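Given only the sequences and the hints, what does the whole structure look like? Please build it.
Number of protein chains: 4
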Amino acid sequence: MSEPSAPKARPVLSIGAEGFSATLRQWHAAAFSAALRHPFIAAMGDGVLRPEQHRFYLIQDRLYLEDYTRVLALAAARTPDMEDRARLARLLQLTVEEEVGLQRRTAAELGLTDDDLRGAEPALVTRAYTDLLVRTGFEGTLPDLLALLLPCAQVYVEAATKLAARGLPENPLCRAWVEAYTAPAMQEWAAWLAARLDRAASAAGPAERLRWTRLYGLACRYELLFFETIWTLQSWPAACAAAVAASHGASVSDAAS
Amino acid sequence: MSEPSAPKARPVLSIGAEGFSATLRQWHAAAFSAALRHPFIAAMGDGVLRPEQHRFYLIQDRLYLEDYTRVLALAAARTPDMEDRARLARLLQLTVEEEVGLQRRTAAELGLTDDDLRGAEPALVTRAYTDLLVRTGFEGTLPDLLALLLPCAQVYVEAATKLAARGLPENPLCRAWVEAYTAPAMQEWAAWLAARLDRAASAAGPAERLRWTRLYGLACRYELLFFETIWTLQSWPAACAAAVAASHGASVSDAAS
Amino acid sequence: MSEPSAPKARPVLSIGAEGFSATLRQWHAAAFSAALRHPFIAAMGDGVLRPEQHRFYLIQDRLYLEDYTRVLALAAARTPDMEDRARLARLLQLTVEEEVGLQRRTAAELGLTDDDLRGAEPALVTRAYTDLLVRTGFEGTLPDLLALLLPCAQVYVEAATKLAARGLPENPLCRAWVEAYTAPAMQEWAAWLAARLDRAASAAGPAERLRWTRLYGLACRYELLFFETIWTLQSWPAACAAAVAASHGASVSDAAS
Amino acid sequence: MSEPSAPKARPVLSIGAEGFSATLRQWHAAAFSAALRHPFIAAMGDGVLRPEQHRFYLIQDRLYLEDYTRVLALAAARTPDMEDRARLARLLQLTVEEEVGLQRRTAAELGLTDDDLRGAEPALVTRAYTDLLVRTGFEGTLPDLLALLLPCAQVYVEAATKLAARGLPENPLCRAWVEAYTAPAMQEWAAWLAARLDRAASAAGPAERLRWTRLYGLACRYELLFFETIWTLQSWPAACAAAVAASHGASVSDAAS
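Residue numbers (this note's numbering), protein chains in the order written: chain A, 212 to 468; chain B, 212 to 468; chain C, 212 to 468; chain D, 212 to 468.
Bear in mind the hints are in silico, worked out from the structure with no lab data behind them. Be aware that one or more of the hints could be misleading.
Unchecked claim - Anything over 12 Å on all C-beta distances counts as not near chain C; from chain D, calculated:
no.: 1; residue: G230
no.: 2; residue: A254
no.: 3; residue: M293
no.: 4; residue: R315
no.: 5; residue: V368
no.: 6; residue: R407
Unchecked claim - Computed footprint of chain A on chain B; a stretch qualifies when at least three of its residues, placed anywhere within it, have a C-beta under 8 Å from a C-beta of chain A:
no.: 7; stretch: 238 to 252
no.: 8; stretch: 340 to 349
no.: 9; stretch: 433 to 445
Claimed, not checked - Some chain D residues near chain C, calculated using beta-carbon distances under 7 Å:
no.: 10; residue: A241
no.: 11; residue: D342
no.: 12; residue: F349
no.: 13; residue: L435
no.: 14; residue: E439
For clarity, every value in this text was computed on a predicted model and none was experimentally measured. Quick reminder that beta carbons are idealized off the backbone N, C-alpha and C, glycines included.
Following this line, the structure appears as structure tokens:
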């Protein structure tokens with residue numbers, strides 16, 4: 212096993228002809244493509260996601276959206292530009308109305324109640340991803356947040372577009388997912404994020420661009436790990452699975468006594 | 212593989228005779244004990260930690276301490292009590308002077324420069340742990356932070372105390388670690404955290420105590436996963452290791468061109 | 212001159228039959244009524260606001276709205292409830308589109324450019340009011356913010372409604388103001404704020420209700436002082452007016468050299 | 212009465228030979244000198260501050276220090292540099308131990324209890340000043356905060372040094388004040404703030420320097436208005452004094468019933 216180490220060479224962040232966000236996507240092509248090609252996505256497109264996987268996805272995605280909308284609000288608060296602020300508020304509304312609405316309907320079909328969605332415990336990757344989002348919402352700048360939000364928008368829109376091109380799945384829950392993420396509003400949002408980040412990058416120095424590259428890369432990894440977590444139904448790594456189980460057991464027996 | 216699910220039963224958080232913090236420790240005994248008994252700790256106490264493990268530990272622990280001291284400052288800012296504020300500022304100073312100083316000396320012995328420590332990339336668990344800390348620093352209350360900081364203090368002091376009782380290791384770097392975490396100031400800090408949280412718990416309602424229980428449990432898991440990460444030298448899960456490697460390769464080759 | 216002192220008696224915050232927000236309004240009736248009856252409001256309703264007063268109002272109100280929309284975003288970020296979050300985002304959008312749009316049109320009529328609005332210096336009360344809003348946005352809870360935002364909504368809606376009942380002014384700029392703040396969306400917003408705060412108060416303890424009372428009272432005073440500042444065209448108190456003028460003079464002469 | 216207006220000319224912020232902080236002091240010389248020469252300072256140095264003024268000062272200064280130490284903690288949290296973090300934590304401790312300790316002893320001599328200090332209501336300028344501090348603590352950068360904290364340190368150290376040069380007052384409470392702010396630790400703090408801001412300014416662009424100039428200028432005005440508020444015992448402007456009195460009256464009579 213080789214020793215993990217800090218990357219010694221400073222990456223040269225020259226922006227390609229297609230703009231900064233396109234360069235970011237190439238830079239992190241390995242993680243981005245692995246997310247796009249993940250069996251979870253394929254199963255969604257083929258309509259063969261197992262119900263327990265679909266339920267686990269809904270639960271974790273609901274937890275994700277709670278902080279995702281929170282971070283849209285934080286981005287709206289942190290930006291000094293009122294047009295950006297209104298744009299982010301519009302997306303926040305859209306997300307609560309459309310995505311959370313879709314979740315609720317799908318969850319009901321799969322036998323999950325609102326309480327199941329609400330009180331659930333986050334998987335490690337859900338925690339790590341959302342805690343990075345919220346932390347950056349309090350500490351970072353608007354472009355920091357754009358870099359962090361872009362991979363999710365791109366992966367979902369690109370994945371759904373590719374799946375739709377192959378023909379919509381018969382499974383109505385999977386079909387609704389594909390339709391939701393090919394909707395024009397989603398595509399516009401992904402395009403706005405990329406264009407707004409490109410604009411910020413054209414006025415930024417190398418230190419900022421390096422920071423945005425790292426944030427983008429982290430979000431790509433988290434997208435990939437999120438799909439992996441759902442696919443394998445493994446909420447926390449094996450190393451602490453026993454401890455997690457024990458703590459659940461304790462709470463149940465204690466509550467029963 | 213069984214389907215992961217939200218714990219259905221609400222835990223009954225009756226505080227035992229020894230106080231809230233002692234109850235938390237029992238509640239999360241599985242994760243807490245697994246951290247204490249982890250081979251990383253045993254190897255540190257026996258002075259047989261491999262140099263590449265020790266270097267990886269120093270790099271990740273340095274990243275951790277950057278946000279740990281940040282969170283002590285946030286706790287000092289969020290508490291309305293000026294005595295608490297001064298107490299937390301005192302610990303922040305102590306941490307920078309003692310722990311960071313020890314790190315720097317040990318790192319030099321192991322051939323790491325300040326740049327190695329500074330520019331390093333966080334492992335998944337380092338990111339997840341510190342992002343939770345900082346997020347809670349902005350959103351949470353003082354007791355939220357106490358619950359989150361307590362496991363680290365307890366695990367280190369308890370582990371070091373047990374190791375010291377078996378006799379100090381000959382390896383001077385491991386010995387310095389054991390001595391640092393058996394120092395009176397560390398023991399006082401752990402005791403203060405527990406006592407202050409006990410005081411908060413005695414005036415709190417069930418919703419707050421449940422939240423503190425969850426935060427404490429998360430910190431226990433992260434302590435365990437942190438040791439596992441160091442021990443196995445695995446910075447990120449296998450599922451995205453290839454993507455991580457590809458992104459490093461890209462940056463190196465690009466920078467060289 | 213009598214010595215200013217801390218109020219010795221703790222107010223008894225018993226909620227009247229009409230709910231907490233109505234009680235707050237009675238509690239702070241002196242400041243609230245003084246704001247409603249301020250000559251600035253009467254002049255707006257009679258269409259006799261002097262152009263330099265109207266310009267100064269637009270400049271200061273624009274500065275206020277920049278932070279007001281910021282605080283709506285912060286409130287959306289701090290609340291754990293996604294319905295509240297979407298409601299606040301909707302208002303944020305409305306404010307940017309309606310109020311800021313009205314400002315811009317009125318400003319153009321009065322000969323102010325976008326740059327005049329953007330680079331302007333806040334008056335003392337504008338700074339004090341918005342700094343309290345933003346600070347509370349980062350530190351406070353949702354009801355803290357509701358208590359702070361309620362007086363502005365109530366004063367504007369109530370004032371405009373009374374003015375409209377007397378007949379709309381002929382002056383088109385003043386008429387647009389009266390129409391804007393009697394619009395149904397504004398009335399709904401004021402009603403929602405009051406109802407949401409009432410709901411929070413019914414589940415809160417005396418310490419929280421006391422805090423909300425103080426925040427509400429501060430906002431009432433700031434509304435009154437804001438009108439007074441506009442009316443008298445006095446940006447900063449006489450005690451530092453000379454210093455303010457000197458600093459402007461310095462900047463102009465220095466910039467000219 | 213002339214119309215207040217936004218300064219049209221953009222100040223040219225060329226840094227003089229003595230560094231940025233010295234340039235700031237000259238730039239805002241009118242407000243800075245007016246604060247230094249305020250009768251409140253002279254009365255403190257002559258030992259003739261009236262007891263009701265001294266009590267009012269202690270009450271408002273205590274409220275100020277609560278947020279001042281909070282902001283030192285926020286600055287420590289926001290800076291990425293661990294040396295700065297430790298330096299700010301040291302000052303925070305010093306402030307709680309020295310300044311708050313001095314306040315408490317002086318207050319006791321003047322018949323004020325801890326409760327008088329704790330539950331007091333802030334004057335307008337105390338609110339405005341501390342709300343700007345805390346808001347900037349959450350939103351701003353380290354140099355933003357340095358620019359905001361520098362005038363207070365400079366005014367107190369410079370004023371006390373000049374008073375001490377004339378001979379210490381016989382009044383022991385005034386003498387303790389002069390001695391506290393001529394202490395070496397206070398002088399070092401003021402010097403560190405200036406040097407650290409100079410260092411930041413040498414690497415900053417014009418937009419940042421303009422922002423720091425404005426923050427410094429605001430703090431100068433607030434220092435001046437703070438002394439004026441204490442000297443005149445006028446907590447809030449005349450325009451809302453009646454409303455403030457009415458709200459106090461209401462709370463007392465209500466509490467008595």
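Are there three or more residues in the stretch 238 to 252 of chain B whose C-beta lies within less than 8 Å of some C-beta in chain A?
-> With 6 residues close enough to chain A, the hint holds.
Beyond 12 Å from each Cβ of chain C, as asserted for D/R315 | For D/R315, whose nearest Cβ neighbour in chain C is about 16 Å away, the distance exceeds 12 Å, so it holds.
Tell me if D/E439 is really an interface residue toward chain C, meaning its C-beta lies closer than 7 Å to one of theirs.
-> holds (4 Å)
Test the statement that D/A254 is away from the interface with chain C: the closest C-beta pair must be farther apart than 12 Å.
-> About 15 Å separates D/A254 from the closest Cβ of chain C, which puts it past 12 Å; holds.
Grab the minimum beta-carbon distance between D/R407 and chain C and tell me whether it stays above 12 Å.
-> holds (24 Å)
Does the CB of D/D342 sit less than 7 Å away from some CB of chain C?
-> holds (4 Å)
Would the least Cβ to Cβ distance between D/G230 and chain C come out above 12 Å?
-> Label holds. Min Cβ-Cβ 17 Å, cutoff 12 Å.
Hey, does the D/F349 contact hint survive, CB to chain C under 7 Å?
-> holds (4 Å)
Apply the coverage criterion to the stretch 433 to 445 of chain B and chain A: a residue qualifies when its Cβ sits closer than 8 Å to a Cβ of the chain, and three qualifying residues are needed.
-> Answer holds; 6 residues pass the 8 Å Cβ test.
Confirm or reject the statement that D/M293 sits farther than 12 Å, beta carbon to beta carbon, from all of chain C.
-> holds (24 Å)
Taking the least C-beta to C-beta distance, is D/A241 closer than 7 Å to chain C?
-> holds (3 Å)
At a Cβ distance under 8 Å, does chain A reach at least three residues of the stretch 340 to 349 of chain B?
-> holds (count 5)
Checked against the numbered hints listed earlier, the structure breaks none of them; every hint is satisfied.
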